[in-house]
Structure formats: C-alpha cells, structure tokens
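What follows is the residue order along each chain.
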Amino acid sequence: MASTTETKQKKMLILKSADNDEFEIEESVGVQSETIKNLVEDGFTFVPLPNVYTKALIKIIDYLKKHANKTDSNDEEIKTFDKDFVNTTFDDLFELVSAANYLHISCLMNMLCQTIADRIKDKSPEAVRKIFHINCDYTPEEEAKIRKANAQAFEGQFDESLD
Amino acid sequence: MMEASKSKRKRLSVSSGRKNSMKINDDNESNSNLVVSLPNDMIHNIFTFLPIKHAISSSLVAKQFLNSWLYARNLCFDVNFEMNLSLNGREDRISIIENIISNYLGKKIHSFHLYVPEPMKYSPFFSKWIQLVASKGLEELELHLAIPTNGYTYFLHSDYIDVETLRSLKLICCNLLISPQSKGFPFLKSLSLIKVQIVPALIKWLFISCMVLESLALEGCSSFGEYTIKGSDKFRTLLIRDCEGIILVTIDNSSITTFHYDGEINKIKFVNPIKLKDVILDFGATKGLQHINGRDELMRAFRNVETLSINNVLLEGLSSRFINFEYKDMEYYLPNLKELQLVRRGPSFINPWDIVFFIKNCSQIERLFIDLGDYAMEAGSYWNSIAKEKFENCETEFPELKVSKVAVVKIDGRSPWQLLLMLVSKAAAVIKMDGRKAAVLLGNDSSR
Chain R
1 MASTTETKQK
11 KMLILKSADN
21 DEFEIEESVG
31 VQSETIKNLV
41 EDGFTFVPLP
51 NVYTKALIKI
61 IDYLKKHANK
71 TDSNDEEIKT
81 FDKDFVNTTF
91 DDLFELVSAA
101 NYLHISCLMN
111 MLCQTIADRI
121 KDKSPEAVRK
131 IFHINCDYTP
141 EEEAKIRKAN
151 AQAFEGQFDE
161 SLD
Chain A
1 MMEASKSKRK
11 RLSVSSGRKN
21 SMKINDDNES
31 NSNLVVSLPN
41 DMIHNIFTFL
51 PIKHAISSSL
61 VAKQFLNSWL
71 YARNLCFDVN
81 FEMNLSLNGR
91 EDRISIIENI
101 ISNYLGKKIH
111 SFHLYVPEPM
121 KYSPFFSKWI
131 QLVASKGLEE
141 LELHLAIPTN
151 GYTYFLHSDY
161 IDVETLRSLK
171 LICCNLLISP
181 QSKGFPFLKS
191 LSLIKVQIVP
201 ALIKWLFISC
211 MVLESLALEG
221 CSSFGEYTIK
231 GSDKFRTLLI
241 RDCEGIILVT
251 IDNSSITTFH
261 YDGEINKIKF
271 VNPIKLKDVI
281 LDFGATKGLQ
291 HINGRDELMR
301 AFRNVETLSI
311 NNVLLEGLSS
321 RFINFEYKDM
331 EYYLPNLKEL
341 QLVRRGPSFI
351 NPWDIVFFIK
361 NCSQIERLFI
371 DLGDYAMEAG
381 SYWNSIAKEK
391 FENCETEFPE
401 LKVSKVAVVK
411 IDGRSPWQLL
421 LMLVSKAAAV
431 IKMDGRKAAV
441 LLGNDSSR
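One line per chain: the protein sequences are R and A, in this order.
Last residue of the first sequence? That's 163 in UniProt numbering, and every number before it is there in order.
Last residue of the second sequence? That's 448 in UniProt numbering, and every number before it is there in order.
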C-alpha cells in the first residue's frame, strides 16, 4: 500500500463546474466527497458537477486539499484554515452548504451548518426569514398560538441585524 | 436589493431534493449580488444545529419549520437555560425537558448538556434521559449537578454512556462509577472531572481504556493518593487545579504539550523528556521559603516551553542554595521561551535578582509580563550581602524582547525594582511610567 501511494504517478480526476470550468485534482483528495467517490468507483475520471459553481468549487477544492493532508502536527493549521474558510457572508455560506450537500462531504456540511446556526441563534424570527429569504406564512393568530405554547423559548432579547 | 429580489424570487419546493438543490437568481438591477436561496430541507437541517432553546424559537420562522426543533442535535439545558426560564418555567423545568426528550424525532443528538439544580427531584428521569440521548449517537455529554445539600453523592454509571460515539465528557459534582463489565470509552478524546471524587485506580483505568484520550482536566477534585499520568501518544493536555489530597502526580507521557497546574508545591514529577509548549504553574503560597525537590528535572522538562506562567513560589523554589559555604545559583536554560508571565501569590521572598536571573536564562524571550501587586521587598541580609551585588553587576540584554509590562507598587528612585525596570526596558521604550503605581513598558525602540 505504501509503495503505491508514494509513486509519482498519482491518479488524477477532472472536476467540471456548472459554469464549465475544469479543475484537475488528485483522486485521493477528491474521494473525500461521497459523490465523487461513488463515481470514481464506477470508473469515472471526469466528473461533471452541474450544481456546483466555479466560485464555490474553488473554495471546496481548497478545503479538500487541506483536509486530505491531515496529520497530528498540522492540527492547529487546519483549525485556522477552517476558521477563515467560514468567515464569509451568509450568501457565500449558503452556496458552500449546497455544494457540500451535493458533493456529500459530511464533515464540511456539519461545519457549515454549525457556523450558520451559531450566527443566527440570537436573531429574531423576522431577521432569520430575511437571511434565508423565507416568506412568513403564519397568520398573526397562529403565530400567537405558537408563542404561547413554547413561551420559555421566546424570552429575552433578539438580534435584528442581518449579518 | 432585498426588496428587488423578493418579487422575482421563487422558492424551491421541499421535494426538489438534491437535483437542483440550489437556485441562483441573477438580478439585473443589482448585478453585483446573487441571491442564494436554500431549499427548505436544508434550512431545516441548519435549524437542527441550533441549541434547543433557539431551535424552538425557529418554529416561528414559517410553517415548514414548525417541528424542526424536534430534530435538534444540541440539547443544551445548562445553567443559562435555567436562567432564561421564568419562575413558572423553572418549576416546570423537568416536564419541559421530559417533553423535549420523549418527543425527540431525530436520529442524531450531538450534544447533551444538563444542569441539575435538585438531584433528588431529577433522579427518576436521570437514567432514562441519559440512556435515550446516548442511543442517538451522542458525542458530547456534560452533567452539572448542584452541590447536594443532603450530603448524598451522585453517580453516573458508566453503562449508561457506554456508546462508541462519545468524544467529550464533562462531569461536575457527579461521580463516575465504572462498571466491572465496562469496555471503557474507546473513542473519548476529552474528559473533565470537576468537584468529583477520584482515586488512583480510576485514573489508571481511564488511561488504559480510553486509548485516544487527548485531554484530561481535574478541577477541585478530592483525590487522595499518588497518580501516574501515562496516556497514549495522542495525549496532549493535562489540567490539574485545586485538587485536594494529591500526594504526587508522576507525568510519564512525552507527548503532552499543554500542562496547567494549580496546587501545592512539590507534588509533580516528570519522568521522561517531554514536548511541553504551554505551561502554567501556579503553586499555592507556602509558609516559608521552600525549595523545589527535583528542580533540575522540572526545569529540564520545560526546555521546549514557549509560553510560561509562573508565580513567585516557583522562582523562590529555584533561588540559590547555600552549598559548601557559598550561594550557588541553579543552572538551567529555557532556549525556546517566548512569553513569560509572573504574578505574586501570598507573602513573597522574591527579589529582583531572582527575576533577572530567570529571564537571563531565556535568550529568546519576546514578551514579558510581571505583576507583583503591592509587594515591597524587605532588603534582608541575603539581598544586601549577596544578591544585590550580583544584580547590580549583571550585564544582560534581551535582544528579542518586544513587549514588556511590569507592575510593581512602591517604586521610589533608588529602589532595586527601579533597576529591574531599567534592565528589562533596555530593549523596550518606556511609554508610561507612573512611579507610584505601575510602569508600563512597550514597543521596541531601543533609542531610549
């Protein structure tokens, strides 16, 4: 096993984004994505990703490369990388989370979902709707009923900002 | 932009699934921004990452998310949850928690934090809750019991949490009872035991059965006996604070990088060369000047340390000893030390020479913080006849020193502390020097 990974001839894959840009990556980096892994197991070396745009794909390839070389010694470095990785706007995070979901990269999915959750947790329902572009479909009566049923959750101050 | 896009945007239905999982609208009016809207199942998924209280309030966002909180992964009923409940809520606390746990629909509970104000009242539910959450792939468990007023001791039985997924365990005022059949916690990475009773056999068992343990914290434990810390090469962090009754802790683990110790002097011993990088040693105040046993071994263990926080007790413990009719300074060298913090604890016998002598042995020091509070040295015979001369004749420079902050009260013109300030400030410029209260030295302007 050691001899095959150390040979110079690494197996490569080509990923094609939704906007038709192509990226060449090592197979060992790509298979962290379940979606890519399944295709590789079926013999594909060219992987079209119709739901992943170039901008998100570049970031995700960066993430996969960083996490493919995980050792005991670069633990701190990866933590710093991850922190920078999620330090972006909600819309960028949403793009990344959809891409991670499509590609089935569960550790990235969890990190992104947790980041978004941490950032919205003190926000008012109205602010959350705006952030996710959701329309409220409750009537005022229905809303009052829910507030009453779970009164303990609605005490305290909410944050109305959208960033 | 929000307004313009709202009218044009169309939500994707829940059933759209992974195909077409994202839609990007390119609004011409605001061509620089894309509006990304996630499908409802993904928004629901994000809501399940909220702490339970916030997950419940997400039910107000829209009808589709009314029941999202029943899938919440982070069930956090900690002290803050308690504080946020109104008085009525506090009385119903048990039924609120019972309701949430028994209606739980999700497959995965990532974390369960439980604060138990009255252990007696909770005991009928306790094991049921723990077993239920543990069966849902629990990774993080924190149990915080209020200090029992009735003198009872409460135990968590290891069988309840005998799940392979557990990564982090924190017990406050709740003892851990290991069942004889226990397989141990093979994937546990972090363990904190706070205000619990521990015995050497328990710690020994933990290091044998938790093969990948990375960090252990023992705080305020009653812990009579001699302990040996011998984990795997994954073990990195050891914290021991205010533990009563420790006779000796032998650290026989070369992979530890972080070590924080707050307790009595002469209770720790290092066996092997060690990779320590970050150390806090806060020895409790001693009655008189007390030398450190095995101080050569101790200082050798610190050879790789980069950040060190110590107090006067350590420096006093390292001070020169009277051997063969002369005072001998100890020999040690901390070649990697970048940051030193020195604070005072209790009555002190420290003098400026002790400090300078220590820093002299740290050639790479960059940051220095000294706070001795309102300590005024009494110039005794040792200082007058030995240390003062050494101190005044000491010619040392600290080429790497970039930041130093020194706070000593009672500085007057000829005080030896004044000289210390001058010395450590040779490489740094004095920005503010308030002779009465504190002197702050910052920057690296050597023209001063």
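Check before you lean on any hint, since a few could be wrong.
To be verified - Distance windows between CB atoms, simulated: (1) N87/R - E331/A: 40 to 50 angstroms; (2) I61/R - W205/A: 38 to 48 angstroms; (3) N87/R - S190/A: 43 to 53 angstroms; (4) E331/A - D72/R: 28 to 38 angstroms; (5) S209/A - E160/R: 24 to 34 angstroms; (6) P335/A - I58/R: 35 to 45 angstroms; (7) V212/A - I61/R: 23 to 33 angstroms; (8) N74/R - E226/A: 30 to 40 angstroms; (9) P347/A - E126/R: 38 to 48 angstroms; (10) E306/A - A144/R: 52 to 62 angstroms; (11) S190/A - N74/R: 52 to 62 angstroms.
Unchecked claim - Derived pair list, reagent style DSSO-like, types lysine-lysine, alpha-carbon separation capped at 27 angstroms: (12) K83/R - K63/A; (13) K79/R - K189/A; (14) K63/A - K66/R; (15) K121/R - K328/A; (16) K338/A - K79/R; (17) K189/A - K83/R; (18) K83/R - K121/R; (19) K63/A - K148/R; (20) K189/A - K121/A; (21) K83/R - K130/R.
Since the hints were derived computationally from the structure, they do not count as laboratory data.
On a predicted model such as this, the values are computed, not experimentally measured, just so you know.
Where a beta carbon is used, it is the ideal one built from N, C-alpha and C, also for glycine.
Restraint status (C-alpha distance of K338/A to K79/R at most 27 angstroms): 22 angstroms, holds
field: C-beta pair E331/A, D72/R: status relative to the range 28 to 38 angstroms that was hinted
entry: 33 angstroms, holds
message: Just to be sure I understand the hint, the distance between the Cβ atoms of N87/R and S190/A should be within 43 to 53 angstroms; is that true here?
response: About 25 angstroms separates the Cβ atoms of N87/R and S190/A, which means 43 to 53 angstroms is violated.
- prompt: That 38 to 48 angstroms hint for I61/R and W205/A (C-beta), does it hold up?
  reply: Once the Cβ atoms are compared, 45 angstroms apart, the range 38 to 48 angstroms for W205/A and I61/R holds.
query: Taking the beta carbons of S209/A and E160/R, is their distance inside 24 to 34 angstroms?
result: 50 angstroms, violated
query: Do the Cβ positions of N87/R and E331/A conform to the proposed distance bound of 40 to 50 angstroms?
result: Roughly 47 angstroms apart at Cβ, these two residues keep to the hinted range, so it holds.
- prompt: Are K83/R and K130/R close enough, with their CA atoms no more than 27 angstroms apart?
  reply: 25 angstroms, holds
task: Compare the distance between the alpha carbons of K121/R and K328/A with 27 angstroms, and conclude whether the hinted pair is satisfied.
output: Given that 27 angstroms is the threshold and the Cα spacing comes to 61 angstroms, the pair is violated.
query: Do N74/R and E226/A keep their Cβ atoms within the hinted range of 30 to 40 angstroms?
result: Holds: the Cβ-Cβ distance is about 37 angstroms, inside 30 to 40 angstroms.
message: If I claimed the Cβ atoms of V212/A and I61/R lie 23 to 33 angstroms apart, would that claim hold in this structure?
response: The hint (23 to 33 angstroms, Cβ to Cβ) holds, given that V212/A and I61/R are roughly 30 angstroms apart.
query: So the hint says 52 to 62 angstroms: do the beta-carbon atoms of S190/A and N74/R match that?
result: For N74/R against S190/A, whose Cβ atoms are near 20 angstroms apart, the range 52 to 62 angstroms is violated.
query: That 52 to 62 angstroms hint for E306/A and A144/R (C-beta), does it hold up?
result: 58 angstroms, holds
Hint violations for this structure: numbers 3, 5, 9, 11, 12, 14, 15 and 20, all remaining hints satisfied.
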